[in-house]
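Q: Residues per chain, in single letters:
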Amino acid sequence: MGLLRERKPSSSPSSTSPCAQLRAAYYSCFNKWYSEKFVKGQWQKEECVAEWQKYRACLSEHLEDKHLSRFLEAEGLGDHDTAIKSDSAGSVDGEDNSVSH
Amino acid sequence: MVKAYKQEHVYKHPWEIVTSASWRKFADPENKRTLSHVLEVDTLNHKLDSELGKLYTTRAITIHAPGPWFVRKIVGQDICHCVESTVVDAQSKSMQLTTRNVSLQKFIEVEERIRYDPHPDDPARWTVCRQETSIRIKPLSALASMAEKVEQRCAERFLQNSVKGREVMERICKYLEAESRGIAF
Numbered sequence: 001m002g003l004l005r006e007r008k009p010s011s012s013p014s015s016t017s018p019c020a021q022l023r024a025a026y027y028s029c030f031n032k033w034y035s036e037k038f039v040k041g042q043w044q045k046e047e048c049v050a051e052w053q054k055y056r057a058c059l060s061e062h063l064e065d066k067h068l069s070r071f072l073e074a075e076g077l078g079d080h081d082t083a084i085k086s087d088s089a090g091s092v093d094g095e096d097n098s099v100s101h
Numbered sequence: 001m002v003k004a005y006k007q008e009h010v011y012k013h014p015w016e017i018v019t020s021a022s023w024r025k026f027a028d029p030e031n032k033r034t035l036s037h038v039l040e041v042d043t044l045n046h047k048l049d050s051e052l053g054k055l056y057t058t059r060a061i062t063i064h065a066p067g068p069w070f071v072r073k074i075v076g077q078d079i080c081h082c083v084e085s086t087v088v089d090a091q092s093k094s095m096q097l098t099t100r101n102v103s104l105q106k107f108i109e110v111e112e113r114i115r116y117d118p119h120p121d122d123p124a125r126w127t128v129c130r131q132e133t134s135i136r137i138k139p140l141s142a143l144a145s146m147a148e149k150v151e152q153r154c155a156e157r158f159l160q161n162s163v164k165g166r167e168v169m170e171r172i173c174k175y176l177e178a179e180s181r182g183i184a185f
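Protein chains in written order, with the UniProt record's numbering: chain S, 1 to 101; chain H, 1 to 185.
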C-alpha cells in the first residue's frame, strides 16, 4: 500500500514513522476485536497480543520524546492519570525550549 | 485564567458503533486529510480488565498547532504532544477520554474530557457525546500578557477541529454500519 501513496510533502516524518506498518497491523487487529468482540460482551480474552508486542518493541526503540516514553515504560496503567499531572512538578525542566531555533 | 467550554452532540448511531469510530477517528489514513492537525497517534499502553470488561488505554497524540507568529516566537515550536487516557466500560456502556498536553506545559495547559454514553431517549440506537475543554495559560509564563488573545485563538481552533472531528465520526459510523450489515466497501 505505502509505495504508491506518497506522503504529503508538508508532513514531516516523526520519530515513530518506522513503526507505521506495525502500528497499522496492531490498529486493524484492535479495531476488529473492539467492535466485534469487546463491545459485544466477549471481553474475557485479550487478543492481538503478538501484534501489540511487535509494535511496542518498535516504539520503545524509536520514541524519542521523553514526555511520551515515560508512558511506555509505565507498566501498570492504574495511575497514568497522576503520571500526566506530575509533569508540572518540573522534573523535565527546560527541555521544551531546547528544540527552538 | 481558565477558559472552559462545553459541547454536547447526539449521534444517531448506537454506542458500540460510535465508540468504535472514536478509536478510528485519528488512526484511519483516509481521515488524515480532514484532521490534518493530527500528525501521529501511537498507543503507548493498554490494559484489559477481563473480569469487569474494562479497557484502559494510553495513547500519544502529536498535533501540529502553528499559532500566530507572536506565539511561535515565544514558544519556539509548533508540534505539541498530548496524552490521551481512555477508559471503556463495556458492561455499563461508557467511554471516557481525557486528553492533556504533555509538552509546552510551562506555557499552557489544555485538558479535554469526552464521554460517550447511550442516549437516555433511545439507548439502543443513539449516543450522546459530552465534551468539556479547559484552557489555562500559565500565569507567569511569557504568554501571560497576551493570554486573552491566545485563549481566544485556541478556543476558535478547538471549535473548528471539533466540527471536523464530528464529520469524520459520522463518516466512520456510516461505513461501520454498512460493514456490519454485510455491505462490502
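Since the hints were derived computationally from the structure, they do not count as laboratory data. Keep in mind that a hint or two might mislead.
As the list claims (entries may be wrong) - Facing chain H, from chain S, some residues (calculated, C-beta under 7 Å):
# : residue
1 : S28
2 : N31
3 : W33
4 : F38
5 : W43
6 : L68
7 : L72
Yeah, the Cβ is synthetic: ideal placement off N, Cα and C, and Gly gets one too.
Q: Would you mind marking each hint as holding or not holding in the structure?
A: Consistency of the hints with the structure:
no., hint, result
1, S28, "9 Å, violated"
2, N31, "6 Å, holds"
3, W33, "10 Å, violated"
4, F38, "6 Å, holds"
5, W43, "4 Å, holds"
6, L68, "5 Å, holds"
7, L72, "5 Å, holds"
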